[in-house]
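So you can see what is in the structure, the chains are spelled out below.
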Amino acid sequence: MQTALFFIFAAICVVSALNLLFQRHPINSALSLVVVMMSLAVIYWTLGAEFLAAAQVIVYSGAIMVLFTFVIMLLNAGEEERTRGSKAAYFAGVPGVVGVLALLVYTFLHERTTLGYATFGGELNNGVSNMAAISRVLFTDLLLPFEVTSILILVAILGAVVLARKEN
Amino acid sequence: MVPIYYYLILAAILFCIGIGAFLIKRNIITVFMSIELMLNAVNLTFVAFSHMHHAVQGQLFVFFVMVVAAAEAAVGLAIIIAIFRTRQTLDVDSINLMKN
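Quick mapping for you: the protein sequence lines, in order, are chains A and B. Under our numbering, the residues of the first sequence are numbered 1 to 168, in order. Under our numbering, the residues of the second sequence are numbered 169 to 268, in order.
It should be emphasised that the hints constitute simulated quantities derived from the structure, not laboratory data. No residue lacks a Cβ here, since even glycine has one placed at the ideal position from N, Cα and C. Be aware that a few hints might be false.
Listed next, the stretches of chain A that the computed footprint assigns to chain B, with coverage defined by at least 3 CB atoms under 8 angstroms from CB atoms of chain B [to be verified]:
| hint | stretch |
| --- | --- |
| 1 | 6–20 |
| 2 | 108–118 |
| 3 | 148–157 |
Residues from chain A shown here face chain B by an in silico Cβ test under 8 angstroms; the list is partial [what the hints assert, rightly or not]:
| hint | residue |
| --- | --- |
| 4 | I43 |
| 5 | L47 |
| 6 | A89 |
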């Protein structure tokens with residue numbers, strides 16, 4: 001069942017990501033990206049990361065993509081015109097992308113025996129809830145980075161307000 | 169029982185689609201969205217390795233990446249709005265000067 005789930009949602013993921021690449025209108029790209037993020041949430045869940053699956057839906061698809069959609073509508077962004085772009089992006093970029101993909105796939109296939117297999121649910125099988133395990137580490141070992149992120153978010157709020165403010 | 173390398177290859181494919189979209193797209197908002205796609209691909213790699221090592225530290229790293237991505241989206245979209253106010257365009261090819 002896990003194999004079927006993986007292949008269904010991996011296919012949805014890749015097709016939506018390609019849709020993001022080929023759509024001309026930014027709002028269509030944004031909605032394809034929401035589909036990618038939702039199917040990634042299901043894949044996280046099969047890997048035993050229930051907290052991250054929920055956070056993915058709430059933070060990424062719920063907050064970040066809504067922000068993107070608001071900005072697209074606010075700026076009334078139309079279809080992009082296809083200019084040629086820079087030549088360097090095509091001549092160096094396309095072989096570069098293919099090279100990176102080939103290198104990564106070769107490495108993963110080469111190391112596939114040491115990587116092992118994923119069992120359904122992960123931590124759930126041992127009777128330990130993912131939420132409890134995460135919060136124990138987050139509020140003991142990683143307490144300082146967790147508190148620093150609150151300062152980061154505060155600075156980001158101030159920066160966004162200052163940057164988007166109308167200058168008089 | 170799904171091999172871990174399936175997840176890693178899926179992440180690699182998503183990452184490369186993200187790079188491709190970053191290079192090909194000409195709308196600055198779509199370019200920004202392809203960065204989010206690349207971040208998601210890396211997050212999938214973190215979750216897969218966290219599952220493989222039976223450790224939650226990888227998942228916490230993904231949590232921090234999500235927080236930073238949210239902050240980055242807020243600031244980046246504010247910058248895009250400021251650019252649109254001064255240039256009246258979202259095309260990255262016509263935004264090539266630091267100052268008008």
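* When the hints from earlier in the document are held up against this structure, which numbers fail? -> none
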